[in-house]
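Trainee: Sequence:
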Amino acid sequence: MLAAVTSANLSKLNYRSGSSFHAMQTSTRKMLFAGNAQEIARLNGDAGTFLSRTRIGAETRNKSTLAISMQNAVSYAQTQEAGMRKLESIYNRMTQLASLAADPFVDEGVRTQLNAEFQSLKQDSFEMRKETFMGNFLYDDMAAKYFPVVDFGQAFTDKAVDGQDGLERKNLANPPSGWTGAPEYYQLEKEVHFNSGKFVLDINGGGTGERYILKQGTQIIFDTAGGPDSSDSGNKHDMQWATGGNAYTQDFDRFEIEYAPGQATTFKFVPLTPGNSIYVAGPDETVGTADDPKKSDGAGNWPKNKNGTPSTETVWWQDDVTYDNKDLYVTQLGLGSSDGDESQPWNLGDDRTNHIFSGDVGEVKTFEANGQSTKLTLRVESNTIFQINATYTPLEEATNNKTIEGGSANDVVLDAVGIGITLIESSIDTADNARNSLGFLAKEIESVAQQLGTIGANLSELEIATERLSNQVYLSEKGLSRVGEDGLIEESTRFAKENIKSQATTALLSQAFSVSEKVLQVIL
1 MLAAVTSANL
11 SKLNYRSGSS
21 FHAMQTSTRK
31 MLFAGNAQEI
41 ARLNGDAGTF
51 LSRTRIGAET
61 RNKSTLAISM
71 QNAVSYAQTQ
81 EAGMRKLESI
91 YNRMTQLASL
101 AADPFVDEGV
111 RTQLNAEFQS
121 LKQDSFEMRK
131 ETFMGNFLYD
141 DMAAKYFPVV
151 DFGQAFTDKA
161 VDGQDGLERK
171 NLANPPSGWT
181 GAPEYYQLEK
191 EVHFNSGKFV
201 LDINGGGTGE
211 RYILKQGTQI
221 IFDTAGGPDS
231 SDSGNKHDMQ
241 WATGGNAYTQ
251 DFDRFEIEYA
261 PGQATTFKFV
271 PLTPGNSIYV
281 AGPDETVGTA
291 DDPKKSDGAG
301 NWPKNKNGTP
311 STETVWWQDD
321 VTYDNKDLYV
331 TQLGLGSSDG
341 DESQPWNLGD
351 DRTNHIFSGD
361 VGEVKTFEAN
371 GQSTKLTLRV
381 ESNTIFQINA
391 TYTPLEEATN
401 NKTIEGGSAN
411 DVVLDAVGIG
421 ITLIESSIDT
431 ADNARNSLGF
441 LAKEIESVAQ
451 QLGTIGANLS
461 ELEIATERLS
471 NQVYLSEKGL
481 SRVGEDGLIE
491 ESTRFAKENI
501 KSQATTALLS
511 QAFSVSEKVL
521 QVIL
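Residue 1 is where the sequence shown starts when you use our numbering, and the numbers rise one by one after that.
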């Protein structure tokens, strides 16, 4: 009996008791973190497993955040849809008003009331373009289907009268020193409703030429006499863009100018070949109208020129393939000299078709747009005859497409949705204007249907991406949870075993000390 309570045996019992107690503490901590696979791996001292579980946990949290972003995108698209439904109702009411006002027998007082409501609704539709969701614009003007046509060219020739269609014609102060005659400037400002866009300028100034300037607000963005090759040296052709021959009978040159805030203004130069010693504008002096010469009569004569004399032209002017201006525009663009082959628009080995010019380009210079105005001004400085065609259109590409991150190459691109502005100048104050407005409204209602289709497609993409992301989050969380559940079962079993061992050891120690005490009493 005494051997059972030697110091060696007591030490063993104490060691076993402490070991069991430590094991129970470890199991208790692991059970407390049973739902945290990373902490279990750390407690087990398994660095590889710990890092793996940490990575999976981080990815799961990131995907959960992306899922919230997806839901915000769904709300964004649903708000767009609600707006389009509202716009549809506005357009339907405006159509009713325009239909009533199109009746020529409507009393003028009633028509005035109809127009007042029409204008109020139109303003409401335009105000919707400014609406936002969580700081993001809901609509992008560039995504609209139809845009108003802004024409700068009709009746814009040297024959234009001051005040005609908003055109200003005045004497030019301080013209270049070599210019002769009485130089004037012709200036036309128009509201284009956007601070970016494409401006197509067809010019024909003849051999003398003119200076052509395009301004956004007060800022010049394009100037045919602003480049390094243009200067006032006292020559009569200084600071003038020339075309071949007579401005009324020869070829046009075309500049396709694009501008946007914060970007370099660019242009493409397009050589044109409609004229070849024939009065290309016809008697009304405006190119593109019905009286332009197109074919010869039965006797082989072409339509009469402005002075009444039949033309001796033998080639249909619209099919003319001779680039009469080549020796001029190649030089004026700073590209050297023409190679003399007027059957080709560019010199051999230097094809500039669709080439993007910008900055200093021979006699031409472009300037960056400031975006502070939606008005454009076309200015022509001239001392001889000229004619132009010019139109503005918005840039074709929408700028408000949104990319919603979906993780693992599952990003969703939301196509932009736009509200058209073809109704900007519309009115129903007369029967004719009401009928015109009905045509605009029909196009805008068609555009709403297209925008709703875009929104529907966006929502479908979001639904698929959201479901895929939710499944990924669920599977990741399930995997981590399973690891925690397995750990809980294992540690619960280990705790029970160590608890039994601890209790047994404690009982033995208690019995040993009890026996030692009785033996001691007998000895004493």
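Hints were generated in silico from the structure; no laboratory data involved. None of the values given here were measured: they were computed from a predicted structure. Heads up, some of the hints might be wrong.
In the DSS-like style, the derived pairs of lysine-lysine whose C-alpha atoms are separated by at most 27 Å in a straight line are [as the list claims (entries may be wrong)]:
#1 K145 x K170
#2 K236 x K190
#3 K145 x K236
#4 K86 x K268
#5 K198 x K145
#6 K190 x K86
#7 K402 x K190
#8 K190 x K145
#9 K170 x K375
Trainee: Each hint: holds or not?
Mentor: Hint by hint, here is what the structure shows:
Restraint check for K145 and K170: the C-alpha separation of about 39 Å exceeds 27 Å, so the hint is violated. The straight-line distance between the Cα atoms of K236 and K190 is roughly 31 Å, outside the 27 Å bound, and the hint therefore fails. For the suggested pair K145 and K236, the alpha carbons sit about 47 Å apart, so the restraint of at most 27 Å is broken. Between K86 and K268 the alpha-carbon distance is near 41 Å, which puts this suggested pair outside the 27 Å criterion.
Between the alpha carbons of K198 and K145 the distance comes to roughly 16 Å, so the proposed pair stays at or under 27 Å and holds. Restraint check: the Cα-Cα separation between K190 and K86 comes to about 31 Å, which exceeds 27 Å; the hinted pair is violated. Proposed proximity of K402 and K190 is contradicted: the alpha carbons are some 32 Å apart, above 27 Å. At roughly 22 Å between alpha-carbon atoms, K190 and K145 fall within 27 Å of each other, so this suggested pair holds.
Restraint check: the Cα-Cα separation between K170 and K375 comes to about 21 Å, which is no more than 27 Å; the hinted pair holds.
Hints 1, 2, 3, 4, 6, 7 from the earlier list are contradicted by this structure; the remaining hints agree with it.
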